[in-house]
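Novice: Use these hints to put chains X and Z onto chain W, whose structure you have.
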Amino acid sequence: MTLRLTVAIASLAAALALAACGDEGGIEGGGDETEVTTAAAEGEASGDLWVANWPFYIDRNTVDEFEEETGISVKYTEEVNDNNEFFGKVQPQLDQGSSGGRDIMVVTDWMAKKMYDLGYLQNFDTEAVQPAVDNLIPALQSPAFDPERSFSLPWQAGMTGLVVNKAEAPDVTSINDLFDPKYKGKVEMLSEMRDTVPLVMKADGVAPEDATEEDWFAAIDKLGEAADSGQIRKFTGNDYTKDLANGDAVAVIGWSGDAVQLQADNPDIQFVMPDEGCVLWADNMVIPVGAPNPTAAYEWMDYIYQAQNQAQITDYNYYVTPVAGTREVLEKQGSDAVKSDLVFPPEEFTADCSTQDEPPGGPEVVREVEQAFQDVVTGG
Amino acid sequence: MVRAAWNWVREHALVIYAGLAVTYMLLPLFVITVFSFNDPAGKFNYTWEGFTLDHWENAFGISDLTDALITSLELAALSTVISTALGTLIAIALVRHEFFGRRAANFLIVIPMATPEVVIGAALLSMFLIYGITLGFTTLLIAHIMFSISFVVVVVRSRLIGFDRSLEEAARDLGASPFQTFRLVTFPLLLPGIMGAALLAFALSIDDFVISNFNSGDAVTFPLWIFGAAQRGIPVEVYVIATMLFAVTALAMAFTVWQQRRAERLAAVLPDEPASEAPGGPMPIPPAPGSLGG
Amino acid sequence: MIRRRLIPYFLLGPGLIWLILFFAIPMYFMGRLALESGTLETGFQFTWEWSNFTDSVSRFDSQFVRSFLYAGTATIVALLIAYPLAYAIAFRGGRWKNALLLAVVAPFFTTYLIRTIAWTTILSDDSFVVDVMRTINLVGEDGRVLATGGAVIAGLTYNFLPFMVLPIYASLERIDERLIEAAKDLYASSRQAFLRVTFPLSAPGVVAGTLLTFIPAAGDYVNAFFLGSINQAMIGNRIQSLYLFERDYPTAAALSFTLMAAILIAVFVYIRFAGSEALMGDEAEDGT
Chain W
1 MTLRLTVAIA
11 SLAAALALAA
21 CGDEGGIEGG
31 GDETEVTTAA
41 AEGEASGDLW
51 VANWPFYIDR
61 NTVDEFEEET
71 GISVKYTEEV
81 NDNNEFFGKV
91 QPQLDQGSSG
101 GRDIMVVTDW
111 MAKKMYDLGY
121 LQNFDTEAVQ
131 PAVDNLIPAL
141 QSPAFDPERS
151 FSLPWQAGMT
161 GLVVNKAEAP
171 DVTSINDLFD
181 PKYKGKVEML
191 SEMRDTVPLV
201 MKADGVAPED
211 ATEEDWFAAI
221 DKLGEAADSG
231 QIRKFTGNDY
241 TKDLANGDAV
251 AVIGWSGDAV
261 QLQADNPDIQ
271 FVMPDEGCVL
281 WADNMVIPVG
291 APNPTAAYEW
301 MDYIYQAQNQ
311 AQITDYNYYV
321 TPVAGTREVL
331 EKQGSDAVKS
341 DLVFPPEEFT
351 ADCSTQDEPP
361 GGPEVVREVE
371 QAFQDVVTGG
Chain X
1001 MVRAAWNWVR
1011 EHALVIYAGL
1021 AVTYMLLPLF
1031 VITVFSFNDP
1041 AGKFNYTWEG
1051 FTLDHWENAF
1061 GISDLTDALI
1071 TSLELAALST
1081 VISTALGTLI
1091 AIALVRHEFF
1101 GRRAANFLIV
1111 IPMATPEVVI
1121 GAALLSMFLI
1131 YGITLGFTTL
1141 LIAHIMFSIS
1151 FVVVVVRSRL
1161 IGFDRSLEEA
1171 ARDLGASPFQ
1181 TFRLVTFPLL
1191 LPGIMGAALL
1201 AFALSIDDFV
1211 ISNFNSGDAV
1221 TFPLWIFGAA
1231 QRGIPVEVYV
1241 IATMLFAVTA
1251 LAMAFTVWQQ
1261 RRAERLAAVL
1271 PDEPASEAPG
1281 GPMPIPPAPG
1291 SLGG
Chain Z
2001 MIRRRLIPYF
2011 LLGPGLIWLI
2021 LFFAIPMYFM
2031 GRLALESGTL
2041 ETGFQFTWEW
2051 SNFTDSVSRF
2061 DSQFVRSFLY
2071 AGTATIVALL
2081 IAYPLAYAIA
2091 FRGGRWKNAL
2101 LLAVVAPFFT
2111 TYLIRTIAWT
2121 TILSDDSFVV
2131 DVMRTINLVG
2141 EDGRVLATGG
2151 AVIAGLTYNF
2161 LPFMVLPIYA
2171 SLERIDERLI
2181 EAAKDLYASS
2191 RQAFLRVTFP
2201 LSAPGVVAGT
2211 LLTFIPAAGD
2221 YVNAFFLGSI
2231 NQAMIGNRIQ
2241 SLYLFERDYP
2251 TAAALSFTLM
2261 AAILIAVFVY
2271 IRFAGSEALM
2281 GDEAEDGT
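Chains as they are written, first to last, in the working numbering: chain W, 1 to 380; chain X, 1001 to 1294; chain Z, 2001 to 2288.
This is chain W alone, in the form it adopts within the complex (with noise of 0.2 Å):
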């Protein structure tokens, strides 16, 4: 017995010991000083390329008739459901210099300067992306987060604010209505800290931008109630469109092109722009570190920003497009698009709308913020 204890012990030390040989302490963290490297694009664009997308953001036909024109081959992947999820697939990668094969990844705009402030990203070559550029149109031409657009290229732009079963839920027009106890268990909002958050400080009059940290905790707090008490039923990536499809949802906070889409099945799917306005932001196209093929990369880029691409793009997901030109071809075309509020936004339209915003204070109190929020999102 004594003997077997012995040799059990013995041996549990020597893996012990083996193990910790190969140690190197820790995990390293991201954010390495190194320099940011650009994306040169050599010669001819061709090969393959890999584009990871949020889903619903694409029309059919785009990406083979590309490969067509082109001969690259497009890999692309509906792999972005949301922003913290994404990253959290792709840090450890990243952080080792890899994209895991992907050339371009597309990613809201705060998480693109998060990951830049890592340095998991890498700058355009600017010739090569200048054609693509010079068709931005003038709101999305200089960005605070990135204003020579250096590394980012937006894909689409669009508003969160309400999607509503109009039938289910005809009384919703503010996301206070979202709290009424009429639709308990029927409600979801997005796990998007920077659209839920800021959205519900909205509805209480706080403008985000002026928040303060209070303000963002107070907001979250009235989420977290709002949780316990089974108001809200969940809280969603993508993923409200099929709650609101079959009917476990009537209201949610979800974005706006999602909304056409849902109609498709359901008529009385309905975006509502909330009485104190929407959140607006915009997704990017950027180039990770370790892309394999930013040549092809250049070329889809290019490729998108012709306003006839745009188009057919836009008139399938119905978000904003950040491409120039785009409006007249769509009206040539006689397309639904163009009389769309949620496509091309008139200026009272979004006049109460705010851009994406930070909580105030350095990276601590951001965190804190996010750790506050997580803990309402997934339950506790």
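Watch out, some of these pointers could steer you wrong.
[Unchecked claim] Some chain X residues close to chain W (C-beta under 10 Å, calculated; not the full set): (1) 1136; (2) 1218; (3) 1228.
Don't read these hints as lab results, they were simulated from the structure. Virtual Cβ for every residue (Gly too), placed ideally from N, Cα, C.
Specialist: Frame of chain W; chains X and Z shown alone:
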């Protein structure tokens, strides 16, 4: 009289209950099969909208779904071969040999089956993270082999326990060498059990979600693809493929059981006993409680 | 001569090494990770951060309670459903035995995720099944089944039922019918025979089945994810989220460890109560 009637009811009540219980077990399978013939207008396969064979004809039409399925199959094949080999060897050692450290080995084999998958997956991920190992197909394979070994051991071991040594003795008496005995007597009779274990390992691998979720990185297996697609609407093709997998595995399982019964009859018949089932039942799966830890 | 004694070690070697390398040693690493602190941006350093463990208990206490509650309930329900079924198959199965067992195991042949998703269809707010439940008042007028604790428990019960049925069946099947006959010969009623002979003899199977059901159920997150809402989140959900979304590895690892410890404690208590003979019976060479 009343007693007879009461007994009749009671006897049939049990059978009726069994019927209900089995229906309950098969209900989702039924739903899956039915919905594989659904023809939904939009992206969501939730309500029945119409019958169509389209998705069956075009089952492999979604390219990244098919890729994921292929990855799963490759992974399962490799994992099955390796884990079955490793597990069978362990089972033979545990049953046929006395040696020092047996209890500890036994313990190590059983513990993974009794640990929640979340913990196993998380622990493995922790190790990969600390060593900075890139997650992908290889890490998945490592994980799958790891959790399959225990199940293979349990299954093969229960087969070995019921094995009639007198057949081997007879072979030795007739002049066969140990190796020949193994090759011509032991192994063929053991084979159905090993096949059953392999089938189990295969099913476990194809089906695994939790451990794969933690250790896959960019690799996408069939269940992982479904999880991703669940957010946006699961296409009917998934239901079709699930039904196919079910049919194939069920057939394979039925075949294995049939083979096993044959082997049992050959291996377990003693002169004064009628052919009976080897302990552990006809199915490869139930670990007879004593052998769970023993 | 010496060779013979080494044979078992050669046979065991590869498999055991694999298990040690990829099951046992990772536990150590998870422990290391649990004692680190930091963030993804700043890197993680080993700082003997014991607070991770205490934090994990205090921050997530409601999920722990919930997980054990759901898993426990599901185990009990599964036992109630499985025992009669196993009994029916073992004693009344006859030539249908194999077919029935196949039916019990059949759910394993479809992907875990798809079977759970199938339940979301069966239990969705507008489904036939839920309508029936409303009619017979199992569910309130406006009530729903999905996104409640009940749905999650139902899912757990369903998914782990085979783990309960098979061990019970295996031990029932081994019972020598002559023992029951003997009891009846000694004037025991059917009920007495069951309570005094059959059930005690099947105890090992019951113990094995309950453990094989409870332990994985306690760590499960798939059922909660599809069938529940945020209020039904279990510990597994949070571990997954911490590792894969929030990337807060130290907290995640500590939480994982705490879960494992909690389960081990529960299991030890249970085994002491139920008798460890049943589980870790010593094994003979051949035969039982």
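Novice: For each hint, tell me whether it holds in the structure or not.
Specialist: Hint check:
Taken as an interface hint, residue 1136 of chain X checks out: its beta carbon lies about 8 Å from the nearest beta carbon of chain W, inside 10 Å. Below 10 Å, beta-carbon pairs count as interface contacts, and residue 1218 of chain X has one with chain W at about 5 Å; its hint therefore holds. For the restraint placing residue 1228 of chain X at the interface with chain W, the shortest Cβ-Cβ distance is roughly 7 Å, inside the 10 Å limit, so the hint holds.
No hint from the list above goes unmet by this structure.
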